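These protein sequences, in sequence, are chains A and B. Numbered as in the working numbering, the first sequence ends at 113 without a single skipped number. Numbered as in the working numbering, the second sequence ends at 111 without a single skipped number.
Just so you know, these hints were derived from the structure itself, not from any lab. The structure displayed is predicted, hence computed values, not measured ones. Here a beta-carbon is modelled for each residue, glycine too, at the ideal position from N, C-alpha and C. Everything hinted at is true.
Distance windows between CB atoms, simulated:
| hint | chain 1 | residue 1 | chain 2 | residue 2 | range |
| --- | --- | --- | --- | --- | --- |
| 1 | B | S51 | A | N28 | 24 to 30 Å |
| 2 | A | N18 | B | T77 | 44 to 50 Å |
| 3 | B | R54 | A | T79 | 43 to 49 Å |
| 4 | B | A82 | A | I60 | 30 to 36 Å |
| 5 | B | D7 | A | K57 | 27 to 33 Å |
| 6 | B | S58 | A | T111 | 35 to 41 Å |
| 7 | B | Q14 | A | A81 | 46 to 52 Å |
| 8 | B | S24 | A | T79 | 30 to 36 Å |
| 9 | B | P8 | A | E62 | 28 to 34 Å |
| 10 | B | T77 | A | E69 | 44 to 50 Å |
| 11 | A | S22 | B | A82 | 27 to 33 Å |
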Amino acid sequence: DGGITQSPKYLFRKEGQNVTLSCEQNLNHDAMYWYRQDPGQGLRLIYYSQIVNDFQKGDIAEGYSVSREKKESFPLTVTSAQKNPTAFYLCATKTGTRLTEAFFGQGTRLTVV
Amino acid sequence: SQQGEEDPQALSIQEGENATMNCSYKTSINNLQWYRQNSGRGLVHLILIRSNEREKHSGRLRVTLDTSKKSSSLLITASRAADTASYFCATDLRTGNQFYFGTGTSLTVIP
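Modelling step: build the complete structure from the supplied sequences, incorporating the hints.
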C-alpha cells in the first residue's frame, strides 16, 4: 500500500521541549517537503530535500531542523527555539522532476500545552 | 515569502453554480498546479498546467494560465456540496527546487 505516513496524528508539547514529527514514504520519491499550516492560512515551506543527505531551508526554517539519512524518511524536529509551534504540519513528496504532482501525508497537529 | 496569493479568500455558492478562484504568483514558473484540501486533511492534486499552456480541462475543472500577468484561475462548473473544501494553487519555479503554495480559497457549496 503506497503512500506517505505522518505520525503521530496529534502531538502535544510542553514549552521548552523538542519534538520530532515523522514522515515516511514508500513511493520512491526523491523530493520531500515540510510545510506548516496555521488555521485558515496557506502552506508555508519549512524545509525541503531533493536527495539523501541534502536539504535546504524554506521560508520559515528558524526553530526547526531536519535530516535526510534515508530516501524514505524526512523527520522534522520542532525545537524549543520555535516560539509559536502550534500548527498543522504537512509532509509532501514529489518524484523530483518538475512536471509532477506532490503527494501529501495526512498531517500532524502539534499543540503546545 | 509565499509564492502564490489566491482570491477570494472565501467563496460561498449554491449547488449547481460555478465557482471561480484566482491565483497570482511572483516569479517565473515551470508549471502551476491546483490542490484541494478537506478540513484537517492532507492536500490532493487536482490538475497541472505547464507554463506554455493557456487552458486545461479535467472533468468539471477548467484551469487557465496567463504567464504575462502571472495569474491562474480555477473554474469548477456545476458545483456540488461535496466540492466544499479549500483550494490552493502551487508553483514549481523555473529555477530552484522550492514548491510553493498559495494562501488558499475556502469554498462552501450550499445544498
